[in-house]
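Participant: From first to last, the protein sequence lines are chains D and C.
FYI, in this note's numbering the residues of the first sequence are 1 to 281.
FYI, in this note's numbering the residues of the second sequence are 1 to 460.
Derived from the structure by calculation, the hints contain no laboratory data.
The calculated DSS-like cross-link candidates involving lysine-lysine, where the alpha carbons are at most 25 Å apart (straight line), are:
1. Lys435(C) to Lys183(D)
2. Lys435(C) to Lys113(C)
3. Lys437(C) to Lys183(D)
4. Lys22(C) to Lys250(D)
5. Lys437(C) to Lys165(D)
6. Lys144(C) to Lys100(C)
7. Lys134(D) to Lys237(C)
8. Lys63(D) to Lys237(C)
9. Lys113(C) to Lys420(C)
10. Lys116(C) to Lys183(D)
11. Lys449(C) to Lys424(C)
12. Lys314(C) to Lys281(C)
13. Lys343(C) to Lys307(C)
14. Lys454(C) to Lys144(C)
15. Lys183(D) to Lys113(C)
16. Lys22(C) to Lys435(C)
17. Lys237(C) to Lys255(C)
18. Lys307(C) to Lys281(C)
19. Lys242(C) to Lys134(D)
20. Lys255(C) to Lys134(D)
21. Lys224(D) to Lys53(C)
22. Lys183(D) to Lys119(C)
23. Lys454(C) to Lys147(C)
24. Lys242(C) to Lys266(C)
25. Lys105(C) to Lys161(C)
26. Lys250(D) to Lys435(C)
27. Lys318(C) to Lys307(C)
28. Lys314(C) to Lys363(C)
29. Lys132(C) to Lys119(C)
30. Lys105(C) to Lys147(C)
31. Lys113(C) to Lys100(C)
32. Lys113(C) to Lys421(C)
33. Lys449(C) to Lys161(C)
34. Lys343(C) to Lys360(C)
35. Lys437(C) to Lys250(D)
36. Lys32(D) to Lys177(D)
37. Lys299(C) to Lys360(C)
38. Lys343(C) to Lys314(C)
39. Lys31(D) to Lys177(D)
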Amino acid sequence: MSIMNSSNLLSITTFIYGFAAFFYIFAVVFKKPIAGRLGTWTALAGIAGNISGIVLRWVESYKIGIGHAPLSNLYESLVFFALVIVMIYLVIERSYANRTIGAFTTPLAFLAMAYASLSPNINDRIQPLVPALKSNWLIAHVIACFIGYAAFAIAFGLSIMFLFKRNDLKEESQFFKFFPDVKILNELSHQMIMFGFLFLSAGIITGAVWANSAWGRYWGWDPKETWSLITWFVYATLLHARFMGGWQGKRLAYLSIIGFAAVIFTYFGVNLLPGLHSYGQ
Amino acid sequence: MEKNEISGDPLNGVWKFFASVKLTVSLLLTLACTSIIGTVIPQNENPAVDFHKYGEFFYRIFSFLDIFDMYHSLWFQFLIFFLAVNIIVCSIDRLSSTWKIVFAKEISFDIAKLRKSYKEEFSGNRPPEELKSLFLSVVSGSFKYTKVEETETGFVIFAEKGRWTRLGVYAVHLSVVLLLVGGLMGSFFGFDGSVNIPEGESVKSIILRNTGREQPLDFEIRCDDFNVSFYESGVPKEYLSKLTILENGKPVYNKDIIVNDPLRFKGINIFQSSYGTLKPKEISLSFTNRETGMIYRQKASVGEEIKLPEAFGKFVIKEYSGAYDFRGHNLGEAFLGILTPFKGDPAEVILPMHFPSFDKMRKDELIISVEDAGRRYYTGLQVTRDPGVPVVYTGFIVMILGCFVSFFMSHKKLCVEVMKKGGKSRVMVAGIANKNKPGMEIRTQRIAKLLSEKAGILKG
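One chain only, chain D, in its complex shape (with noise of 0.2 Å):
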């Protein structure tokens, strides 16, 4: 097993990834229930080659003297967010005996595996920490902060088949006959919501905790610190609306969307702005 490494196996994952994500589409688009079956196993082959290959990493990393968790850089935090997505979604799917939620949800950790697999600009190469990475805040910063993101990568999916479905209502398709209840979406939704908040504001509690012990500030105004509190904020208007304001349907769906595109900006867009300290590349 010597050609097998880390990088390879998590290769395979992004394929594998990518038939679960064609089989729930496929299932999706022409009502093939068994396409649907095969898309759950594949997504769990995925999830058991994802995890092999961050634990293959981590041994890797020992091997070479630069031991530590494979949580710290650009690559290994996709790979760990594609894993959470697939994960989560897993949960939903078993909940909720409803597979066409898969074929919103199991393109993003495709996505994420195949952005993290193909990019030129994306390092796999394990890289020993810097001393500024050398905390055991960073496993629960990271951890916090990608366990929240999926969630809303999974609100971000359910609200466009919120969406799907809503505007279709009057013409009683058969095409979205079988997405889950436009009630049911909306509640599942906002329960991402909340389980991706809690989520955030632990990943940036623990952030400033770290940032207080490495720098000797915990908020500094950082354009990642910033683009982390706005996608806060958006979140916040969204539980605000949604509990006292009695916001319904498509205006939370389209803040939920916001959201994500919030999430993405704080995750990639920061490394494009100019004059910053890229902690996170």
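Dock chain C against chain D, hints included.
Facilitator: Coordinates of chain C only, in the frame set by chain D:
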């Protein structure tokens, strides 16, 4: 929530304005949008750079709006202040009614309301009297508080739990206020500065970051040693400063600090933030006689003339260069010296640190090289005091707990009504919760199923 009072009281109007969720939503969205500006336009740069980059017109507009330091501008802090007032007023406005529910002496159940909520119904073969204790044990298994009321035709079991979870949202709001208060405490009573200390030396004051002014300390910081280590790839691995704190000249505390492991002393935090090299002080030189192979070692500092053994004369190091240029080649760090033999003319000697045998090229009978440049580091420290940190950290903990409680825990009420119908019973199980209604439906179903099984009743 909104009372239609006819009132001319302006204070009431102000209160209502701040108690509205519309204001919260608008403030949160405004904060989200305006915060973007400071991430696109670099903050606190050199004004000359900004002027050049944006041109006079935009520079003046941006300066007027404090865009170059927007997160500390009056208008941005005003928005945050508004949000704080909004949070506090909203919470007070709603707390009284929540308080009445949470701390009510007599727990009240509105059976009509419960009947209208989610319910399961079934009939059983046994009369109500036989079911009472059986049902009560099932219900009290998953609900903290239970109460039985006799009715004309049977009985009703009321149960509830998680009443206190209604306070979760107030905890979240409190946490935001704590963060803001902690932040204010930091900016009023704290400071943030930095200082560079050469190895072996000590300082009594630091330079503040915002104003550039000097801030005296109650103690001295001495840097006993600084070390930087690298990975094979040349990436820095660890910066380590050995620090000693001195009070009245006496050492009272010492600690090795690295990035992520600061020194904390009497409310002041000292962080490893940078490092650099100083001009060498004492240089170890070697002088080799090319013919005999005899090696002599001597130490010298820059500008100090030393006498050489045998008949080699005198040598002086004239200067140090961080990047010496030799015929278009960068030799890196190097010393330049003058060798003055007893006979003949003085010669210029170049001593690059990375090329110890460079002086052989001079083809002289004496070969000079640098053995140890006596390189000295200085450590760059960040020195802060922030009395608001404990308040902020309390806010962090309260926020996480509050979010968890207000998102995932709810005040649940259950009612089991059993009525006599002939020799049999008619059972209704109804459940209600202030949050997550689908979750409560599932829970109600489960309890109804459990009751019907336990009592040996067929569902119908």
